[in-house]
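There are 2 protein chains.
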Amino acid sequence: MNSKDQHISQEEIQQMDSRKRGVFMNSLAGFRTVILVGTVSSEGINNLAIFNSLIHFGADPALWGLVCRPNAQERDTVRNISANGKYTLNIIHVSERNKAHQTSAKYGRLVSEFDVCGFDTEFQNGCIAPFVKSAIVKMEMEAVMTIPIPLNGTSILIGKPVNIHLPDGLVGQDGFADLAGAGVLGCQGLDAYLSATVIERFPYAQP
Amino acid sequence: MNSKDQHISQEEIQQMDSRKRGVFMNSLAGFRTVILVGTVSSEGINNLAIFNSLIHFGADPALWGLVCRPNAQERDTVRNISANGKYTLNIIHVSERNKAHQTSAKYGRLVSEFDVCGFDTEFQNGCIAPFVKSAIVKMEMEAVMTIPIPLNGTSILIGKPVNIHLPDGLVGQDGFADLAGAGVLGCQGLDAYLSATVIERFPYAQP
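For the record, the sequence lines run as chains A and B.
Numbering of the first sequence is given in our numbering, commencing with residue 1 and proceeding in unit increments.
Numbering of the second sequence is given in our numbering, commencing with residue 1 and proceeding in unit increments.
The hints are simulated quantities; they were obtained by calculation from the structure and are not laboratory data.
Don't be surprised by glycine CBs; every beta carbon is placed ideally from N, CA and C.
Keep in mind that a hint or two might mislead.
[Said to hold, decoys possible] Pairwise CB distance ranges, derived in the manner of DEER restraints:
{"#": "1", "chain 1": "B", "residue 1": "Q6", "chain 2": "A", "residue 2": "E43", "range": "52 to 62 Å"}
{"#": "2", "chain 1": "A", "residue 1": "K106", "chain 2": "B", "residue 2": "Q10", "range": "30 to 40 Å"}
{"#": "3", "chain 1": "B", "residue 1": "S95", "chain 2": "A", "residue 2": "G181", "range": "19 to 29 Å"}
{"#": "4", "chain 1": "B", "residue 1": "D5", "chain 2": "A", "residue 2": "D60", "range": "19 to 29 Å"}
{"#": "5", "chain 1": "B", "residue 1": "P167", "chain 2": "A", "residue 2": "A105", "range": "25 to 35 Å"}
{"#": "6", "chain 1": "B", "residue 1": "D60", "chain 2": "A", "residue 2": "R75", "range": "16 to 26 Å"}
{"#": "7", "chain 1": "B", "residue 1": "H93", "chain 2": "A", "residue 2": "E142", "range": "34 to 44 Å"}
{"#": "8", "chain 1": "B", "residue 1": "D5", "chain 2": "A", "residue 2": "D115", "range": "20 to 30 Å"}
{"#": "9", "chain 1": "A", "residue 1": "S134", "chain 2": "B", "residue 2": "N152", "range": "29 to 39 Å"}
{"#": "10", "chain 1": "A", "residue 1": "Q173", "chain 2": "B", "residue 2": "P167", "range": "35 to 45 Å"}
{"#": "11", "chain 1": "B", "residue 1": "D60", "chain 2": "A", "residue 2": "G169", "range": "39 to 49 Å"}
{"#": "12", "chain 1": "B", "residue 1": "F123", "chain 2": "A", "residue 2": "F123", "range": "56 to 66 Å"}
Start from the sequences and build out the full structure, keeping to the hints where you can.
Following this line, the structure appears as structure tokens:
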């Protein structure tokens, strides 16, 4: 390695204080698109939670996953989806980063993050879960299965899109959704928000 | 919804031709950091595969996951890791995007993508899996468990970092690794490569 390199061992990671280790590990996991997950509780309270972990599991059938951590915000989301199987994924504009980050605060079960963080709800096609009205891409999802991760109490919620709403022209002839061109909000780790610029697309690689 | 919105139903997703559906679904999953996974086979052949799915499962213990698809490239990676439990995660500079994309081509088992795509190997601390010499961040990983996803034949390989090498100064006092500042390569979908710019970091959100 270069003499200017820093080397961090397993023991040093373990010895970091927990806040620093969380920032370090989360930031190394890299760039993401911010996803706001909309749900509704059995009592009719709308919930909105920020996730940075949309996992592509496959296109046929179309399946996406969310890693759910055992904390209060994500518990509300998981509880609501367990109760009615419905949720929305909302991709927003960079200009909404302050409000999006605010949804990560620990609000009580009876508080709607839509109200306190300043997002308007929208309802479509009989989907009981709320969309974020101002979102650029709005996806109605149906839960398919939950996979528990025994190592640390997290779980992966896998679902399928049943309706996708996006601006006319966002999706090209080949199916590519130009999220960067639309100015969607990205993130890295727990507190950094970013924009992305597509540099280049390549044809299918051949040996 | 806005009258300029496009609405795509579950049926329309299913009716897309498979290439277009793959591009569509993968691109909607959003921005990622490109991860090159280095492994070595029982026969001593070094393998390098591109992944865009590093999943943060937790910081204590530190755990990251990779979604492995049932295709030839990722099968080599999975086979090698099953055999010896070791792999490397390499985060590279945007200028290496052509070579990185080329690792996605279907090379035979006896071909090393390091050689044919033009990446030099590097070995450190007795780790048998090869690092990408030119990578900005190099992580030695140990497999912890594999979780099969019965829905479509994918699996999630979960591992822990045992050694992390990165440039001096990349990690701030608070633990944040400034990947965007270092010009690391991001991607969206199967063929778009991007750079990212951090706009703002926020303090921990309070209600």
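How the hints compare with the structure:
1. Q6(B) to E43(A): 52 to 62 Å: Distance hint for Q6(B), E43(A) is violated at roughly 34 Å.
2. K106(A) to Q10(B): 30 to 40 Å: At roughly 35 Å between Cβ atoms, Q10(B) and K106(A) fall inside 30 to 40 Å, so the hint holds.
3. S95(B) to G181(A): 19 to 29 Å: holds, 22 Å
4. D5(B) to D60(A): 19 to 29 Å: Check passed, 25 Å falls within 19 to 29 Å.
5. P167(B) to A105(A): 25 to 35 Å: holds, 34 Å
6. D60(B) to R75(A): 16 to 26 Å: Because 19 Å falls inside the window, the suggested range holds.
7. H93(B) to E142(A): 34 to 44 Å: At 40 Å between Cβs, range holds.
8. D5(B) to D115(A): 20 to 30 Å: This hint holds: roughly 25 Å between Cβ atoms.
9. S134(A) to N152(B): 29 to 39 Å: holds, 33 Å
10. Q173(A) to P167(B): 35 to 45 Å: About 41 Å separates the Cβ atoms of Q173(A) and P167(B), which means 35 to 45 Å holds.
11. D60(B) to G169(A): 39 to 49 Å: The hinted range 39 to 49 Å holds for D60(B) and G169(A), with Cβ atoms some 44 Å apart.
12. F123(B) to F123(A): 56 to 66 Å: holds, 57 Å
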